[in-house]
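Position chain B against the provided structure of chain A, taking the given hints into account.
Quick mapping for you: the protein sequence lines, in order, are chains A and B. In this text, residue positions in the first sequence follow our numbering: the first is 1, and each later residue adds one. In this text, residue positions in the second sequence follow our numbering: the first is 1, and each later residue adds one.
Be aware that a few hints might be false.
[Unchecked claim] Incomplete in silico selection of chain B near chain A, CB under 8 Å:
hint : residue
1    : Leu18
2    : Gln42
3    : Gly43
4    : Lys104
5    : Phe107
6    : Gly110
7    : Thr111
Just so you know, the hints here were simulated from the structure itself, not pulled from any lab data. For every residue, glycine included, the Cβ atom is placed at its ideal position computed from N, Cα and C.
Each chain is listed here by its residues.
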Amino acid sequence: DSGVTQTPKHLITATGQRVTLRCSPRSGDLSVYWYQQSLDQGLQFLIQYYNGEERAKGNILERFSAQQFPDLHSELNLSSLELGDSALYFCASSARTGGTDTQYFGPGTRLTVL
Amino acid sequence: AQSVTQLGSHVSVSEGALVLLRCNYSSSVPPYLFWYVQYPNQGLQLLLKYTSAATLVKGINGFEAEFKKSETSFHLTKPSAHMSDAAEYFCAVSDTSRGNQGGKLIFGQGTELSVKP
Numbered sequence: 001d002s003g004v005t006q007t008p009k010h011l012i013t014a015t016g017q018r019v020t021l022r023c024s025p026r027s028g029d030l031s032v033y034w035y036q037q038s039l040d041q042g043l044q045f046l047i048q049y050y051n052g053e054e055r056a057k058g059n060i061l062e063r064f065s066a067q068q069f070p071d072l073h074s075e076l077n078l079s080s081l082e083l084g085d086s087a088l089y090f091c092a093s094s095a096r097t098g099g100t101d102t103q104y105f106g107p108g109t110r111l112t113v114l
Numbered sequence: 001a002q003s004v005t006q007l008g009s010h011v012s013v014s015e016g017a018l019v020l021l022r023c024n025y026s027s028s029v030p031p032y033l034f035w036y037v038q039y040p041n042q043g044l045q046l047l048l049k050y051t052s053a054a055t056l057v058k059g060i061n062g063f064e065a066e067f068k069k070s071e072t073s074f075h076l077t078k079p080s081a082h083m084s085d086a087a088e089y090f091c092a093v094s095d096t097s098r099g100n101q102g103g104k105l106i107f108g109q110g111t112e113l114s115v116k117p
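Next up, chain A with everything else stripped away, as it sits in the complex (with noise of 0.2 Å):
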């Protein structure tokens, strides 16, 4: 268990629609990445935030968007979706930013968009 939490774990909804997805982070981690990862694609970054503050911007489409919360939780919105945003989304945190540090990942939210 890495102690990164993320909710729902399978979300299945139709095309045109929005999903929000939630992530928690350990306990005292200050950055939030979110990660794409789909056959055709593999792993892509799409976005961090770092105690608040979007930090770095990835492969993420307009019709995505993210938030950190003051209690640091996030949440990745998706919307007008499209049958190939279906994929895999991993919330990572680590204790700060920078390259050194170490990501821990959740156990991810599988989207299904019929």
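Frame of chain A, contents of chain B only:
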């Protein structure tokens, strides 16, 4: 831009045999390198990381990796495979390029390890 390449999407070994999973990196700055393991229906677990200290890094579950700058490699090894090692393994580099204030990981495509009895 930094990147990693994992050679071989699937590796199969017999129980008790040497495990060798290959990873080559590309980076214009000293890299920070990681190996993660993903068991079926689970998240990623850190096996080990290289952050410019000792070039031979020992990790959990008997795995180790050696950083070789001349070969731009960071291959993962284990002397004797166990059935429980069957999983997918990911090599990653931390993006330390100029202008990046975060610590995002850039992953390879993964290598699935099968262990035959």
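Hints, one by one, checked against the model:
no., hint, in the structure
1, Leu18, "26 Å, violated"
2, Gln42, "6 Å, holds"
3, Gly43, "4 Å, holds"
4, Lys104, "4 Å, holds"
5, Phe107, "4 Å, holds"
6, Gly110, "7 Å, holds"
7, Thr111, "12 Å, violated"
Hint check: violations occur at hints 1 and 7; the rest are consistent with the structure.
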